[in-house]
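Undergrad: Spelled out, the chains give:
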Amino acid sequence: MLKKTSIYLDEDLDHRLARRAADEGITKAEFIRRTLAGAVQRPQRARPEAVGFEDVKKR
Amino acid sequence: MTVVVDADFVLALVRRRHPHHRDAVALVETLDEDLVTSPLAVADIDRAVAEHAGDDARHAVHRDFERGAYAVRWWADALKETLGIARRHPALGLTAASLVALAGRVNTRRIATFDEQFRTLTTPDGEAFVVLPADR
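Protein sequences, first through last, are from chains A and B. Residue numbers 33 to 91, in the working numbering, belong to the letters of the first sequence in order. Residue numbers 32 to 167, in the working numbering, belong to the letters of the second sequence in order.
With the rest of the complex left out, here is chain A (with noise of 0.2 angstroms):
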């Protein structure tokens, strides 16, 4: 179940989200939804962990 919410966006904010929603060929308010949720459950990413390898030896 949506729950309907209001907020408050910069005009710039609100053209590049839509813009960035076209990008992705949804609307921008399914990308709205999909950042948050994004925001408030991703993961913790990976630590990179190629580190701390030594130089190959030029000839």
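Bear in mind the hints are in silico, worked out from the structure with no lab data behind them. Ideal Cβ placement from N, Cα and C applies to all residues, glycine included. Be aware that one or more of the hints could be misleading.
[Stated by the list, open to error] Among chain B residues calculated to face chain A with C-beta under 8 angstroms, some are:
| # | residue |
| --- | --- |
| 1 | Arg-48 |
| 2 | Asp-54 |
| 3 | Val-56 |
| 4 | Asp-95 |
For chain A, the structure is supplied; the task is to place chain B on it using the hints.
TA: Frame of chain A; chain B shown alone:
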């Protein structure tokens, strides 16, 4: 929040003998933010790691990309935006320009780099970069 990373920062992580290795490790150990870069930087990372640290390190970096340790972003207008930034900054290479464009795309001004030229640049929104790890 997202942090843009450049190729030399990843190289500093990979190479134990890089002059900024410890600084780079300390930063990624404490950051929870997404690390994102451009395909142009990925190509630079691949070449530089292979040259300096060899194939084992190169393959380890490939696995990091597969695991999502670094995100890679490109979009429909990325090249146009990159070229526009490079045109405004003639001394700037396309890879660095792509990272400036990327910062605008992901709406961040935080960049992990040891390249001081980013202090003279701004995001596409006109904001100064927060250069990490120096500005922590």
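Undergrad: Each hint should be assessed against the structure and marked as holding or not.
TA: How the hints compare with the structure:
1. Arg-48: holds, 5 angstroms
2. Asp-54: Violated: closest Cβ of chain A sits about 13 angstroms from Asp-54 (chain B), beyond 8 angstroms.
3. Val-56: holds, 6 angstroms
4. Asp-95: Constraint on Asp-95 (chain B) satisfied, holds at 5 angstroms.
In terms of the numbered hints stated before, the structure departs from hint 2 and from no other.
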